[in-house]
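A.B. asks: Chain by chain, the residues:
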Amino acid sequence: MCGIVGLFLKDPKLEPQLGALLTDMLITMTDRGPDSAGIAIYVRPEEGHAKLTVQSANAAADFKGLDADLSAAIGGPVTADVKDTHVVLDVPADKLDAARSAVTTLRPGVKVMSAGEAIEIFKEVGLPKDVAARFGVSKMSGTHGIGHTRMATESAVTTMGAHPFSTGPDQCLVHNGSLSNHNGLRRELIRKGMTFETQNDTEVAAAYVSQKLKEGEDLGTALESGLDDLDGFFTFVVGTHNGFGVVRDPIACKPAVMAETDQYVAFGSEYRALVNLPGIETARVWEPEPATVYFWER
Amino acid sequence: MQTFDLGAEGLRALNSSLHALKGQTNMTAWEVINPKGAHAIAAGVDAPVDITVRGSTGYYCAGMNKQATIRIKGSAGPGVAENMMSGTVIIDGNASQYAGATGRGGLLVVKGNASSRCGVSMKGIDIVVHGSIGHMSAFMAQSGNLVVLGDAGDALGDSLYEARLFVRGSVKSLGADCIEKEMRPEHLALLADLLKRGEAEHLAKPEEFKRYGSARKLYNFNIDNASAY
Numbered sequence: 000m001c002g003i004v005g006l007f008l009k010d011p012k013l014e015p016q017l018g019a020l021l022t023d024m025l026i027t028m029t030d031r032g033p034d035s036a037g038i039a040i041y042v043r044p045e046e047g048h049a050k051l052t053v054q055s056a057n058a059a060a061d062f063k064g065l066d067a068d069l070s071a072a073i074g075g076p077v078t079a080d081v082k083d084t085h086v087v088l089d090v091p092a093d094k095l096d097a098a099r100s101a102v103t104t105l106r107p108g109v110k111v112m113s114a115g116e117a118i119e120i121f122k123e124v125g126l127p128k129d130v131a132a133r134f135g136v137s138k139m140s141g142t143h144g145i146g147h148t149r150m151a152t153e154s155a156v157t158t159m160g161a162h163p164f165s166t167g168p169d170q171c172l173v174h175n176g177s178l179s180n181h182n183g184l185r186r187e188l189i190r191k192g193m194t195f196e197t198q199n200d201t202e203v204a205a206a207y208v209s210q211k212l213k214e215g216e217d218l219g220t221a222l223e224s225g226l227d228d229l230d231g232f233f234t235f236v237v238g239t240h241n242g243f244g245v246v247r248d249p250i251a252c253k254p255a256v257m258a259e260t261d262q263y264v265a266f267g268s269e270y271r272a273l274v275n276l277p278g279i280e281t282a283r284v285w286e287p288e289p290a291t292v293y294f295w296e297r
Numbered sequence: 000m001q002t003f004d005l006g007a008e009g010l011r012a013l014n015s016s017l018h019a020l021k022g023q024t025n026m027t028a029w030e031v032i033n034p035k036g037a038h039a040i041a042a043g044v045d046a047p048v049d050i051t052v053r054g055s056t057g058y059y060c061a062g063m064n065k066q067a068t069i070r071i072k073g074s075a076g077p078g079v080a081e082n083m084m085s086g087t088v089i090i091d092g093n094a095s096q097y098a099g100a101t102g103r104g105g106l107l108v109v110k111g112n113a114s115s116r117c118g119v120s121m122k123g124i125d126i127v128v129h130g131s132i133g134h135m136s137a138f139m140a141q142s143g144n145l146v147v148l149g150d151a152g153d154a155l156g157d158s159l160y161e162a163r164l165f166v167r168g169s170v171k172s173l174g175a176d177c178i179e180k181e182m183r184p185e186h187l188a189l190l191a192d193l194l195k196r197g198e199a200e201h202l203a204k205p206e207e208f209k210r211y212g213s214a215r216k217l218y219n220f221n222i223d224n225a226s227a228y
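If you're matching them up, the sequences are chains A and B in order. If you count by numbering that gives the first Met the number 0, then the first sequence holds residues 0 to 297, one letter each, in order. If you count by numbering that gives the first Met the number 0, then the second sequence holds residues 0 to 228, one letter each, in order.
Hints in this document: simulated from the structure, not taken from any laboratory. Where hints are given, some of them may not hold.
[Said to hold, decoys possible] Keeping only pairs whose Cα atoms sit at most 20 Å apart, straight-line, the calculated EDC-like set for lysine to aspartate or glutamate is:
1) B:Lys171 with A:Glu288
2) B:Lys72 with A:Glu280
3) B:Lys35 with A:Glu259
4) B:Lys35 with A:Asp23
5) A:Lys253 with A:Glu153
6) B:Lys35 with A:Asp30
7) B:Lys171 with A:Asp248
8) A:Lys128 with A:Asp30
9) A:Lys253 with B:Asp153
Here the structure is a predicted model, which is why all the values come from computation and not from measurement.
Please build the complete structure, drawing on both the sequences and the hints.
C.D. replies: Structure, rendered in structure tokens:
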């Protein structure tokens, strides 16, 4: 059991409330998984800017002077916004790859949570309310976001084992379920050049989708391919810089409810997660069909 | 009428009040407001009372129901009326997975659609769905009746025992050992009664349905199939 929430805004007027709405939805799902929690927020990108979100168990030492050191290493301006154990590093968009490789050289203790023009990922061990509060998620605005609260089955309860997993620029994936062929798939993906941080099954699904996107498939096609290649139980919610996708395995025993209005598309593991959204009383509410890909792009 | 605000008073207070109703009671009409998808609303009731839930419910609403009539003025989450013993549960909206699972008696009416595994392992319950049902419905269903005015998903009635399945629309596929059967006069009479009790007599006629049941080939171990196990 795990809890997933997601919100894809169609109405820009709701964007300042994205973090608050998503935090409330995620806290409602706490009893589906108290081990760890995480949120991916897609913030409207600034022209020419990109972001690295990195985490450290030793934040005070690792983040001290990191902006200046990184700036010197990539030869461009860097600003740092420290949030508890994470720091969001704003870098020139054309230097994102250089910054990503430099940051772990400069500070070997840090882990890259996400990289891209819009995405920021915050995740830690603990309850959703505590994790969201540590990172001030409820004050964040954005265009879409995904949250997850974990009851671990396949790998250790650690920060890196928490969802969302991000394995490509502006991409993330969360999962309720368990995969049975992830070890074999991980080996194949490593041969294709993907790298992995954990032994977690979900990270393999995320990397699988990233690999397909890299090969030129769109999000919908990549998720369709996943239905053939991923074996196990899953409800996945996936984010890209401008998209939001949902897919369930053919047995579909992991719960999923969706709601759509003129203002948003929302996902919850349970209807409870959606009850405080504006206009939910008149929203179209449905359960995603098994083995059917749903995605929205702006 | 007893009105209970679930948001203010909480689930445990509601269910304790309902469980305290034994045998005959003067408090026969209950209304639950602000359900907001909470779990186990009115589960385990054992009294001839009428409960109306004003909104959508989470897991296991009306589970194990005995005697009560429970109306959900919204949609129901997974396992609604699971293992119902008697009484009636009427859902105005849709029902999630395994509605009426293992039900032993009573009547479950879903006015919208029911999701996968509707009536799984049913043991005597009657289920009337005005819309369609999802895959693996009536898996290992043992007795009782499942009436579907719309369509059925994949693997209907897989490994079925003696439950009777009536579907008006299409069946995406039949599960192992489930076959279409002849509709005899007693089945039409049974269906007419179920449609009436299921508040669907104005929506469909018994002659419009097909009947499905067990081919009874999986009942006993067959040595010729040993290699398949």
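A.B. asks: Hint by hint, note whether the structure agrees.
C.D. replies: Each hint tested on the structure:
At most 20 Å may separate the alpha-carbon atoms for a hinted pair to count; B:Lys171 and A:Glu288 meet this at roughly 14 Å. With a C-alpha separation of about 12 Å, the suggested pairing of B:Lys72 with A:Glu280 holds against the 20 Å cut-off. At roughly 17 Å between alpha-carbon atoms, B:Lys35 and A:Glu259 fall within 20 Å of each other, so this suggested pair holds. Restraint check: the Cα-Cα separation between B:Lys35 and A:Asp23 comes to about 14 Å, which is no more than 20 Å; the hinted pair holds.
Simply put, A:Lys253 and A:Glu153 have alpha-carbon atoms about 16 Å apart, close enough for the 20 Å limit, and the pair holds. For the given pair, B:Lys35 sits about 16 Å from A:Asp30 by alpha-carbon distance, which is consistent with the 20 Å threshold. For the hint pairing B:Lys171 with A:Asp248, the CA-to-CA distance comes to about 18 Å; that is within 20 Å, so the pair holds. Between A:Lys128 and A:Asp30 the alpha-carbon distance is near 12 Å, which keeps this suggested pair within the 20 Å criterion.
Straight-line distance between C-alpha atoms of A:Lys253 and B:Asp153 comes to about 18 Å, which keeps the hinted pair within the 20 Å bound.
The structure meets every hint from the earlier list without exception.
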